[in-house]
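Take these sequences, add in the hints, and give me the full structure.
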Amino acid sequence: MRRRLALLTVSLCAATALPAHAAAQDARLAGRLPSGAAYLMDVPSSWNGTVLLYSHGYQAAGEANPAQNAPDARTRDKLLDEGYALIGSSYATTGWAVTDAVPDQLATLEAFTGQFGPARRTLAWGRSYGGLVTTALAERHTDRFDGSLSMCGLVQGGVANWNSTLDPVFALRTLLAPDSGIPLTGFADQAAARSAATELSAEVDAAQRTPEGRARIALAAALHHIPGYNSPGQTEPAPDDRATQQANQYTAVKGLVRSAAFGWRQEAESRAGGNPSWNTGVDYTAVLRTSPLYKEVTELYQKAGASLRADLDALKRAPRVSADPAAVRWMRRTSAFTGRLTDPQLSVHTTGDALIPVSAESAYRRANTAAGSARLLSQAYVRAPGHCAFTPGETIGALHTLEHRLDTGRWDASPRTLNSRARQVDPSGDTRYTAYRPASYPRPYDLSHPGDGRP
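Counting with mature numbering (1 follows the signal peptide of the UniProt record, and there is no 0), you get residues -22 to -1, 1 to 433 for the letters of the sequence shown.
If you're looking for bench data, these hints aren't it; they were derived computationally from the structure. Warning: the hint list may mix true and false statements.
[Claimed, not checked] Capping the alpha-carbon separation at 30 Å, the derived lysine-lysine pairs in BS3-like fashion look like this:
(1) Lys294 - Lys281
(2) Lys273 - Lys294
(3) Lys294 - Lys232
(4) Lys281 - Lys232
(5) Lys273 - Lys232
[Said to hold, decoys possible] The following label-pair restraints were derived from C-beta to C-beta distances:
(6) Thr316 - Ala169: 31 to 39 Å
(7) Arg118 - Ser398: 28 to 36 Å
(8) Ala352 - Glu60: 26 to 34 Å
(9) Asn26 - Ser392: 21 to 29 Å
(10) Asp4 - Ser300: 51 to 59 Å
(11) Ser392 - Arg236: 35 to 43 Å
(12) Ala170 - Pro217: 36 to 44 Å
(13) Ser392 - Pro189: 40 to 48 Å
(14) Lys281 - Ser237: 26 to 34 Å
For glycine and all other residues, C-beta sits at the position ideal for the given N, C-alpha and C.
Structure (structure tokens):
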């Protein structure tokens, strides 16, 4: 059902105070915060007293950056029909914008309260990079929220993310272009990052044309836990169909090279003041052996008649990448997690995610358990390829599951229950929650484990 919303545009300044009033009709409030971030608020006339603060995903430098208060129009409309107030901001900047996103989201919540009065319940939720923002809000501003929902979130944190993003491109450069000198970190600007990405991408394309090259691409994918079925547009391979699995991984590896590993990294480095990741001291043989894709890699090497041991030895001998300590400290301070929760969090993830592999969930569970907050965290999995490939029913079913925990004090997040709740919301949509246990994240890093690898 499409909702008609009255549009009210307000520009907030530091000295502006908005009068509180009850919403007499469906309303849409749009405006700007003092930071320059845009915000958007949808409030139904039958507001149920719960406000959902939505944190959107990563927007690359130069991309459009509108305010967002829901992941998609269908989910937004269904939530409004159920009486939820939906709010969110654009963040003042694009890229690795956590230092803008957190205060901008809090300011959006303050603006909502000033306009519509205090909510009965306030929940933080977000997708992808917005899952990192949501978890930062949940850990650091517990007094402002009653619970949180992270969807396909970057819950391994920033240091672990950039370390794990370094690993596949390090392997590709070492095995496909050892004498190329392609830089992997320390880019002067976006042009330098794009040049490096283009050069390595060409090497990957050439490698894909040979059996040995395909095995090496699969090795790089395995280090980052890129699954062999990772997009809804792909053919789903049989468990032993290594050729199709590798072809699917090749597409995802190319996407990683063209985005996160170079261009997105350069933007993050510019904020951190240097390179925040490293692979000094990393044993890639051990990383591969614990990967859920280890068997695929060994079989592809055998079929190609290539030596996996020789390639792993080449990775062992290759000069390593060192981090800039100040950049690590910045990333640690802004983008790493303690795992300490005060209120319940539900985290959901698709099993076929190539951008933020599902094993990110095990990284946050590790931190959460060490911090003594295990009873407050529940994690659920949707058997589907793609990043954030949830249906509206699956999304809202997860929200209702979090609310059930808040209402009763206990989790009821089994696949059967989640699928039932999803069908109630959207009887014609897919319901794909499944029992699943992700592999251990390849290189976890959090603030509850002082023994984590250091640069």
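Do the hints match the structure? See the list:
no.	hint	verdict
1	Lys294 - Lys281	holds, 23 Å
2	Lys273 - Lys294	holds, 20 Å
3	Lys294 - Lys232	holds, 24 Å
4	Lys281 - Lys232	holds, 23 Å
5	Lys273 - Lys232	holds, 22 Å
6	Thr316 - Ala169: 31 to 39 Å	holds, 37 Å
7	Arg118 - Ser398: 28 to 36 Å	holds, 34 Å
8	Ala352 - Glu60: 26 to 34 Å	holds, 30 Å
9	Asn26 - Ser392: 21 to 29 Å	holds, 25 Å
10	Asp4 - Ser300: 51 to 59 Å	holds, 55 Å
11	Ser392 - Arg236: 35 to 43 Å	holds, 39 Å
12	Ala170 - Pro217: 36 to 44 Å	holds, 42 Å
13	Ser392 - Pro189: 40 to 48 Å	holds, 43 Å
14	Lys281 - Ser237: 26 to 34 Å	holds, 30 Å
Of the numbered hints given earlier, the model fails none.
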